[in-house]
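Visitor: One letter stands for each residue in the lines below.
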Amino acid sequence: MKLAIKLAYRNLIGAGLRTWLNVIVLSFSFVVIIWLKGIMSGWDYQAKTDMTNWEIGGGQYWQENYDPLDPFTLLDSHAPIPAELQPEIDAGGVVPMLIVQGTIFPEGRMQAVNIKGIKPDQKIFKIPTQKLDTATDAIPAVIGAMMARNSRLKIGDLLTLRWRDANSTFDAADIVIVDIFSSNVPAAELSQVYMALDKLQEMMLLPDEATTLTFGESKENRSEISGWTLKTKAMLTKQVDEMIKTKSAGQTILFAILLLLAMLAIFDTQVLSIFRRQKEIGTYIALGYTRGQVVGLFTVEGTMHAVLAAIVSMIYGMPFLLWQAKVGWTMPVDASEFGMAMAQTLYPVYSIGLVASTVIVVTLTTAVVSYLPSRKIAKMNPTEALRGKLQ
Amino acid sequence: MENQSIITIEKLVKRFPMGKDSFTALKNINLKFGTGEFTGLIGPSGSGKTTLLNILGSLDVPTEGTVHVLGKSIGKLSTKEAAQLRKESLGFIFQSYNLLVVHTVFENVEFPLLLLKYSKSVRYKMVMDALEWVGLTEKVHSKPPQLSGGECQRVAIARAMVKKPSLVLADEPTANLDAVNSHHILKTMETLNRELNTTFIFATHDEKVISYLRRKIYLLDGRVDKDEIITPQKSVAQ
Ligand SMILES: Nc1ncnc2c1ncn2[C@@H]1O[C@H](COP(=O)(O)OP(=O)(O)O)[C@@H](O)[C@H]1O
Ligand SMILES: [Mg+2]
Numbered sequence: 005m006k007l008a009i010k011l012a013y014r015n016l017i018g019a020g021l022r023t024w025l026n027v028i029v030l031s032f033s034f035v036v037i038i039w040l041k042g043i044m045s046g047w048d049y050q051a052k053t054d055m056t057n058w059e060i061g062g063g064q065y066w067q068e069n070y071d072p073l074d075p076f077t078l079l080d081s082h083a084p085i086p087a088e089l090q091p092e093i094d095a096g097g098v099v100p101m102l103i104v105q106g107t108i109f110p111e112g113r114m115q116a117v118n119i120k121g122i123k124p125d126q127k128i129f130k131i132p133t134q135k136l137d138t139a140t141d142a143i144p145a146v147i148g149a150m151m152a153r154n155s156r157l158k159i160g161d162l163l164t165l166r167w168r169d170a171n172s173t174f175d176a177a178d179i180v181i182v183d184i185f186s187s188n189v190p191a192a193e194l195s196q197v198y199m200a201l202d203k204l205q206e207m208m209l210l211p212d213e214a215t216t217l218t219f220g221e222s223k224e225n226r227s228e229i230s231g232w233t234l235k236t237k238a239m240l241t242k243q244v245d246e247m248i249k250t251k252s253a254g255q256t257i258l259f260a261i262l263l264l265l266a267m268l269a270i271f272d273t274q275v276l277s278i279f280r281r282q283k284e285i286g287t288y289i290a291l292g293y294t295r296g297q298v299v300g301l302f303t304v305e306g307t308m309h310a311v312l313a314a315i316v317s318m319i320y321g322m323p324f325l326l327w328q329a330k331v332g333w334t335m336p337v338d339a340s341e342f343g344m345a346m347a348q349t350l351y352p353v354y355s356i357g358l359v360a361s362t363v364i365v366v367t368l369t370t371a372v373v374s375y376l377p378s379r380k381i382a383k384m385n386p387t388e389a390l391r392g393k394l395q
Numbered sequence: 005m006e007n008q009s010i011i012t013i014e015k016l017v018k019r020f021p022m023g024k025d026s027f028t029a030l031k032n033i034n035l036k037f038g039t040g041e042f043t044g045l046i047g048p049s050g051s052g053k054t055t056l057l058n059i060l061g062s063l064d065v066p067t068e069g070t071v072h073v074l075g076k077s078i079g080k081l082s083t084k085e086a087a088q089l090r091k092e093s094l095g096f097i098f099q100s101y102n103l104l105v106v107h108t109v110f111e112n113v114e115f116p117l118l119l120l121k122y123s124k125s126v127r128y129k130m131v132m133d134a135l136e137w138v139g140l141t142e143k144v145h146s147k148p149p150q151l152s153g154g155e156c157q158r159v160a161i162a163r164a165m166v167k168k169p170s171l172v173l174a175d176e177p178t179a180n181l182d183a184v185n186s187h188h189i190l191k192t193m194e195t196l197n198r199e200l201n202t203t204f205i206f207a208t209h210d211e212k213v214i215s216y217l218r219r220k221i222y223l224l225d226g227r228v229d230k231d232e233i234i235t236p237q238k239s240v241a242q
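Those sequence lines, one after another, are chains W and P. Residues are numbered in the working numbering as their position in the first sequence, beginning at 1, plus a constant of 4. Residues are numbered in the working numbering as their position in the second sequence, beginning at 1, plus a constant of 4.
With the rest of the complex left out, here is chain P:
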């Protein structure tokens, strides 16, 4: 299942300019991710989780080293090519949902398909399928302000999943949710991961999330501290 490599990170360094100096947020990261992983980047606030996720999402570029996502070298892509990669192959889930508040649930989930220029009938079917996955078919005409936090995050998952991307990047998806909702969305994502073989990479420090992960990459101060692969029987430290 987790055989083919989907992401290769080699000697990644990310520095942010800070006045005259610069701040190094990622220090010599080397990682490989395979298809179908359910992996978390775990670490305290400021450890570089979001920074790494942004680079994997082609929203940011490496300062040094190379990052290949789905065969594309992040940092060598033009803005158009990067947008193309996100549009076709990546799904994002954010801590604060980032739904378009004036649009209905249906329209929010439909958005990525509009960008991909699917026909109306195809879009309809795909959106309804995605809402089915997250159990929100009844709320299709609601708008985000009418939904609970858990429901909003499920809409966001549907939006990320509707185009069946190869890779979903979820940045602290449960941070604004209570335990019940957290478990609900995690189970949903776990099911989608199994059924569609979609790779999930989380940034989190939430124990509830960590308990679902099959691989745990601990970040500390911009470095990989530990990389554990959990198998149902035993956990193996690399």
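Just chain W, with the same shape it has in the complex:
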């Protein structure tokens, strides 16, 4: 094997330009595959981190009627906060949120929103809720940047909020935008207005009630509470997994095409070199190789393209990949259009597993593609190979 590697290396380097063309094509596959997969895991990581920070914490209890996809459920998806959680809520480990429907009138237009009551001193979400403690005549409210952009709102804007309380009575009051945050999470921003929990409970005539109870990341193993549905982080981030899976499927086709091109080049090189190097094959046999060993030699030689490609990839690919991880890749389309947690700039995350699996898969594929044409050698007649007279 050591000898085969040595010989294969000499032969490949000796073959010059053709070798390097193959190596460059292969190394390009390496870099593109690792980069795209890195973007995907970076996205996965970013989406889940952003959702954790801005929308779901370490998981949630939902009042059993609550369904975020059906706004009508908000009418009766609230219940008294379970007494057993009170100590944790007081300690800040669980954050209750009351979610109701309302209407705002920015610049005279009418817009349905979710009003979310949240404790100003909570620490689980990165939403700047401490600003909700601001003392003003109007009710202090915080919104996200996507909403601010869509509704053309800015800090200090006053607007009318209308809501219907627990007795189905309409009421209205002025709110003032005291802060705008930016989260990459559309669900936390679009049509969402945050205000102090006790203020909202008072407005709704729902003292001590909540719609969701969010717990921190360190408290993920939770027990069931009757009247509430436990939604673990894994369940809440399932849409991210599905999105990544769909996108990855598309990528797999691209990878397959890239690999196919590289493998065609390798296959072609192998077929050609077996045809052109019959005398050399005969010579190896005359010098004491078995035909099987020559098959091995040619297989190693073909496979070595992948090894060289990995080295070449390291030379130009590593700086590129590291630079990408630092500056990120900014998408040419507006990320908020995606309707899910996606940053405008994605930072690829490369794991050892990702790099290793890519290198292994590409190298094994190259080995198979190098081996297949080499099997022909095993059927060669050495005397005819020496004469170089095979078809």
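What the hints contain is simulated information worked out from the structure, not anything from laboratory work. A couple of the hints might just be wrong.
Only pairs whose alpha carbons sit at most 27 angstroms apart, straight line, appear in this in silico DSSO-like list of lysine-lysine [as the list claims (entries may be wrong)]:
| hint | chain 1 | residue 1 | chain 2 | residue 2 |
| --- | --- | --- | --- | --- |
| 1 | P | K91 | W | K283 |
| 2 | W | K383 | P | K80 |
| 3 | P | K24 | P | K80 |
| 4 | W | K380 | P | K24 |
| 5 | P | K124 | W | K6 |
| 6 | W | K251 | W | K235 |
| 7 | W | K52 | W | K330 |
| 8 | P | K129 | P | K168 |
| 9 | W | K52 | W | K380 |
| 10 | P | K191 | P | K129 |
| 11 | P | K168 | W | K6 |
| 12 | W | K380 | P | K168 |
| 13 | P | K147 | W | K6 |
| 14 | P | K80 | W | K6 |
| 15 | W | K203 | W | K135 |
| 16 | P | K76 | P | K147 |
| 17 | P | K121 | W | K283 |
| 18 | P | K24 | W | K10 |
| 19 | P | K129 | P | K80 |
| 20 | P | K220 | P | K76 |
| 21 | P | K24 | W | K383 |
| 22 | W | K283 | P | K168 |
| 23 | W | K6 | P | K129 |
| 24 | P | K143 | P | K121 |
| 25 | W | K10 | P | K124 |
Away from chain P, derived, C-beta distances all over 10 angstroms, residues of chain W [stated by the list, open to error]:
| hint | residue |
| --- | --- |
| 26 | L21 |
| 27 | L234 |
| 28 | M239 |
| 29 | E246 |
| 30 | V275 |
| 31 | K283 |
Facing chain P, according to a computed beta carbon distance under 7 angstroms, are these residues of chain W, among others [what the hints assert, rightly or not]:
| hint | residue |
| --- | --- |
| 32 | L7 |
| 33 | R14 |
| 34 | N15 |
| 35 | G18 |
| 36 | T287 |
| 37 | A290 |
| 38 | G292 |
| 39 | T294 |
| 40 | P386 |
Where a beta carbon is used, it is the ideal one built from N, C-alpha and C, also for glycine.
Since the structure of chain W is provided, determine the placement of chain P with the ligands on it from the hints.
Guide: Chain P with the ligands only, in chain W's frame:
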């Protein structure tokens, strides 16, 4: 010197399939070769020289009859055993040199020693010795495309001789060489034959080669036509 028998050929027949029929390239060959011979298989093109040499080199097998080379029955060997025989005991020299073109002179000559798993320092010494025999120590880092035909064939001789094989088979080694180079390599091989007692068997129809031979086996149409042993004083027909 030429006492011990190294090759015994009995009733050798070699047929090649040709469509439905077959072509008989060797017809009832019976020969014995002793250690240290400097012998040529002489005959016109198509007379079966290469075919016989290939069988002696365990690159091909007899159709009928038996061929023993160094005590091994060619045709009864597995491919592995045949490769082992070539690796350990046989050296080949070809008309077109068959050097590995991307390898240096040193690497070409080193190749058989790599197969035999000699250590690096031993390999170095053996390769340099072999290059010394053929007078090419200055070209050790050159590659075959930079060498003349004569130099290439000397590299090939060094490669065949480096492991000091018992038997060297040379198929028309001078066919691509001019007279000066032909004589040069023949003298080299003659010296090696004397000094190392290596058996040389040539396939040739080149007069220059024939003039160096100490035994001339004439092949015609796949048969032994004449087998002459030349002694310095007189030539004896068998
Ligand atoms: N593999 C083969 N298949 C068919 N015929 C062959 C094969 N090898 C050699 N021959 C035939 O056998 C005869 C002897 O060939 P060869 O030994 O190469 O002759 P020489 O070396 O004396 O010129 C030739 O007629 C040649 O065409
Ligand atoms: Mg011939």
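Visitor: Determine for every hint whether it applies to the structure shown.
Guide: Hints, one by one, checked against the model:
Under the criterion of a C-alpha separation no larger than 27 angstroms, the hint pairing K91 of chain P with K283 of chain W is consistent with the structure, at around 17 angstroms. At most 27 angstroms may separate the alpha-carbon atoms for a hinted pair to count; K383 of chain W and K80 of chain P meet this at roughly 19 angstroms. Distance hint between K24 of chain P and K80 of chain P is fulfilled; the C-alpha atoms sit about 26 angstroms from each other, no more than 27 angstroms. With a C-alpha separation of about 24 angstroms, the suggested pairing of K380 of chain W with K24 of chain P holds against the 27 angstroms cut-off.
The suggested pairing of K124 of chain P with K6 of chain W holds, with an alpha-carbon distance near 13 angstroms, which does not exceed 27 angstroms. Among the hinted pairs, K251 of chain W with K235 of chain W is consistent with the structure: their alpha-carbon atoms are about 25 angstroms apart, no more than 27 angstroms. With a CA separation close to 19 angstroms, the supplied pair K52 of chain W and K330 of chain W stays within the 27 angstroms bound. Restraint check: the Cα-Cα separation between K129 of chain P and K168 of chain P comes to about 13 angstroms, which is no more than 27 angstroms; the hinted pair holds.
Between K52 of chain W and K380 of chain W, the direct Cα distance comes to roughly 52 angstroms. Violation of the 27 angstroms bound is thereby established for this hinted pair. Note on K191 of chain P and K129 of chain P: the hinted pairing holds, with a Cα-Cα distance of about 23 angstroms set against a maximum of 27 angstroms. The straight-line distance between the Cα atoms of K168 of chain P and K6 of chain W is roughly 24 angstroms, inside the 27 angstroms bound, and the hint therefore holds. With a C-alpha separation of about 33 angstroms, the suggested pairing of K380 of chain W with K168 of chain P is violated against the 27 angstroms cut-off.
This hinted pair checks out: K147 of chain P and K6 of chain W have alpha carbons roughly 23 angstroms apart, not beyond 27 angstroms. As the CA atoms of K80 of chain P and K6 of chain W are separated by approximately 30 angstroms, the hinted pair breaks the 27 angstroms bound. With a C-alpha separation of about 14 angstroms, the suggested pairing of K203 of chain W with K135 of chain W holds against the 27 angstroms cut-off. Taken as a hint, the K76 of chain P and K147 of chain P pair is broken in the structure, with Cα atoms around 36 angstroms apart against an allowance of 27 angstroms.
A hinted pair counts as satisfied when its Cα atoms are at most 27 angstroms apart, and K121 of chain P with K283 of chain W qualifies at roughly 24 angstroms. Between K24 of chain P and K10 of chain W the CA atoms are separated by roughly 45 angstroms; this puts the pair beyond 27 angstroms, and the hint is violated. For the given pair, K129 of chain P sits about 36 angstroms from K80 of chain P by alpha-carbon distance, which is inconsistent with the 27 angstroms threshold. Between the alpha carbons of K220 of chain P and K76 of chain P the distance comes to roughly 24 angstroms, so the proposed pair stays at or under 27 angstroms and holds.
Straight-line distance between C-alpha atoms of K24 of chain P and K383 of chain W comes to about 21 angstroms, which keeps the hinted pair within the 27 angstroms bound. Note on K283 of chain W and K168 of chain P: the hinted pairing holds, with a Cα-Cα distance of about 24 angstroms set against a maximum of 27 angstroms. For the given pair, K6 of chain W sits about 21 angstroms from K129 of chain P by alpha-carbon distance, which is consistent with the 27 angstroms threshold. A distance of roughly 24 angstroms separates the Cα atoms of K143 of chain P and K121 of chain P; the hinted pair therefore holds under the 27 angstroms criterion.
A hinted pair counts as satisfied when its Cα atoms are at most 27 angstroms apart, and K10 of chain W with K124 of chain P qualifies at roughly 14 angstroms. For L21 of chain W, the requirement that its beta carbon stay farther than 10 angstroms from each beta carbon of chain P is met, with the minimum near 13 angstroms. Separation of L234 of chain W from chain P is adequate, the least Cβ-Cβ distance of about 67 angstroms exceeding the 10 angstroms criterion. The claim that M239 of chain W lies off the interface holds: its Cβ sits roughly 60 angstroms from the closest Cβ of chain P, which is beyond the 10 angstroms cut-off.
At the 10 angstroms boundary, the C-beta of E246 of chain W stays outside the reach of chain P, the nearest C-beta of that chain being 52 angstroms off. With 10 angstroms as the threshold on Cβ separation, the claim that V275 of chain W sits away from chain P holds: the shortest Cβ distance comes to roughly 19 angstroms. In this structure K283 of chain W is not separated from chain P by more than 10 angstroms, as the shortest Cβ-Cβ distance comes to only about 6 angstroms. At about 5 angstroms, the closest approach between the beta carbon of L7 of chain W and any beta carbon in chain P falls short of 7 angstroms, and the interface hint on this residue holds.
For R14 of chain W, the interface hint holds, the least distance from its beta-carbon to any beta-carbon of chain P being 6 angstroms, beneath 7 angstroms. With a cut of 7 angstroms, the hint placing N15 of chain W at the interface with chain P holds, because the nearest CB-to-CB distance is about 6 angstroms. Annotation: interface hint on G18 of chain W holds; nearest CB of chain P at approximately 2 angstroms, less than 7 angstroms. Because the smallest distance between the Cβ of T287 of chain W and any Cβ of chain P comes to about 4 angstroms, under 7 angstroms, the interface hint for this residue holds.
This hint holds: A290 of chain W has a C-beta 4 angstroms from the nearest C-beta of chain P, less than the 7 angstroms allowed. Contact between G292 of chain W and chain P, as hinted, is supported at the beta carbon level, the nearest pair being about 3 angstroms apart and thus within 7 angstroms. Evaluation of the T294 of chain W hint against chain P yields a held restraint, the C-beta minimum of about 4 angstroms falling below 7 angstroms. At a threshold of 7 angstroms, the smallest CB-CB gap from P386 of chain W to chain P is about 5 angstroms, leaving the interface hint in force.
Hints 9, 12, 14, 16, 18, 19 and 31, counting from the list given before, are not met by this structure.
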